[in-house]
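Line order of the protein sequences matches chains A and B. Residues 1 to 232 in the working numbering are what the first sequence lists, from first letter to last. Residues 233 to 464 in the working numbering are what the second sequence lists, from first letter to last.
No lab work stands behind these hints: they were computed from the structure. Being a predicted model, the structure only gives us computed values, none of them experimental. Virtual Cβ for every residue (Gly too), placed ideally from N, Cα, C. Wrong hints could be hidden among the right ones.
Stated by the list, open to error - Pair ranges (Cβ atoms, derived): (1) B/ASP452 with A/THR43: 54 to 60 Å; (2) A/VAL65 with B/ARG446: 53 to 59 Å; (3) B/PRO316 with A/ALA141: 33 to 39 Å; (4) B/TYR312 with A/GLY32: 51 to 57 Å; (5) A/PRO81 with B/ARG446: 26 to 32 Å; (6) B/HIS390 with A/GLN199: 30 to 36 Å; (7) A/TYR130 with B/ASP452: 56 to 62 Å; (8) B/VAL297 with A/ASP63: 56 to 62 Å.
What the hints assert, rightly or not - Just so you have them, the derived chain A footprint on chain B, three or more residues with Cβ under 8 Å: (9) 303-311; (10) 317-331; (11) 407-415.
Here is how the chains run, residue by residue.
2 protein chains.
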Amino acid sequence: MALKMYDLAAADPLLRFSPYCWRTRMALAHKGLAVETVPWRFTEKDAIAFSGQGRVPVLLDGDKVVTDSWDIACYLDAAYPDRPALFGSADARGAALFVKRWCEGQVHPALVRLIIADIARIVHPKDTGYFRESREKALGASLEAYVAAEEENLRHFHAVLTPLRLTVKDMAFLGGETPAYADYIVFGALQWARCASPQDLLQADDPVAAWFARLADLYDGLGAKAPRATAA
Amino acid sequence: MALKMYDLAAADPLLRFSPYCWRTRMALAHKGLAVETVPWRFTEKDAIAFSGQGRVPVLLDGDKVVTDSWDIACYLDAAYPDRPALFGSADARGAALFVKRWCEGQVHPALVRLIIADIARIVHPKDTGYFRESREKALGASLEAYVAAEEENLRHFHAVLTPLRLTVKDMAFLGGETPAYADYIVFGALQWARCASPQDLLQADDPVAAWFARLADLYDGLGAKAPRATAA
């Protein structure tokens, strides 16, 4: 039986844009596990109340419910040890946790500065009020004011990517010759931006763009073929 | 036969303070390999000319000469596969390379802002002129001017450590339950500062300080017992 996953969706149910859900989609594909994704919107807390919390991804594997993208990755390696590992060793898992902390602390905030107003344009109408109010309260600014310094924000985003750029200049993936969960963590962030925003944030000659394209092409183009926002 | 390693030394030949050499010292100890260290000063290029380059660490394993701390780590895992691995898997090696890029791009420059003038005080008299001139040219400022904004520089250093702090708050080591090469990369940076400077740069309640102490205590206190600079 296929696994089932609640996956953040835009007004367009095929447009999926959560960085955390993208990590999990890639992780499931890496392990060769089929998954049925259920589109879910921010305000549909009732639909996932069974999981004991209010965020996606939520993974159902038979009767087993797993939440939190990191816990899901650890679960998949433990539950399916005969399939390709997301973490090749204990120290790979440790260093991947470091990559996660770096990504969420530096890459995610730099992307919010670039795409948060774009996200407000794609969310389901029933999410619009919740999304704008909760984010403007958290950011202390209107979404439009928060992204106003476009050039400076883009420069900062490119600067933040420096350690990734220097790494994938010399290696195909953070996993080495083949991708690993550390790749999917950062891929999720850039795929979030790619799907939620019509902006092209990476320069064509950036080694990060080539690395991102390699990941997007994996698993029959799971990332590359995914619907993205179009310019208004 | 013990391995031999050229190791950057201060005027005091027992005071060793290269971040790259510390990585290698820890890596050799991790693998249980005895090493004879040879004190080396910046201006002794002739002494390591046989290696085809002018930096330490230089490792001699019988007739084999290996330079560059990263290449040495990879060499040790390849040459001594039956001893504890520095990289548990290919993806651990990839993520460790990311940690190296992050450390050298963010932690090292933040530490230079704090300790470069202290280093000038401990180097061998024959290195003093070379050290000050080459560094002041590279930094575009006198060493004393470069470290003048002490409080701001310290705040920046603590901020830079955030992804490490959040990781080792939840895990004993970047390697997980046991240390791995990614730990030694960042340990080398902090041990560089600990040995070259009398300043205590980490706050006692910082999870990074506890993680550093765990590493310094390894291998019979290799890091903790190492001589450090004393206040002038």
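Verification of the supplied hints:
The supplied range of 54 to 60 Å is met by B/ASP452 and A/THR43, whose beta-carbon atoms lie about 58 Å from each other. In this structure, A/VAL65 and B/ARG446 break the distance hint of 53 to 59 Å, their C-beta atoms being roughly 35 Å apart. Between B/PRO316 and A/ALA141 the C-beta distance comes to about 51 Å, which lies outside the given range of 33 to 39 Å. Between B/TYR312 and A/GLY32 the beta carbon distance is about 34 Å. The supplied range of 51 to 57 Å is therefore violated.
At about 29 Å, the beta-carbon gap between A/PRO81 and B/ARG446 stays in the expected band of 26 to 32 Å. B/HIS390 and A/GLN199 have their C-beta atoms about 33 Å apart, which keeps the hinted 30 to 36 Å range intact. Taking 56 to 62 Å as the suggested C-beta distance range, the pair A/TYR130 and B/ASP452 conforms, at roughly 58 Å. Our hint of 56 to 62 Å for B/VAL297 and A/ASP63 holds, since their Cβ atoms are close to 59 Å apart.
Beta-carbon proximity to chain A at under 8 Å applies to 0 residues in the segment 303-311 of chain B; the threshold of 3 is not reached and the given coverage is violated. Coverage of the segment 317-331 of chain B by chain A holds in this model, with 14 residues showing a Cβ closer than 8 Å to a Cβ of that chain against a need of three. Here the segment 407-415 of chain B counts 7 residues with a CB under 8 Å from a CB of chain A, which clears the bar of 3, and the coverage holds.
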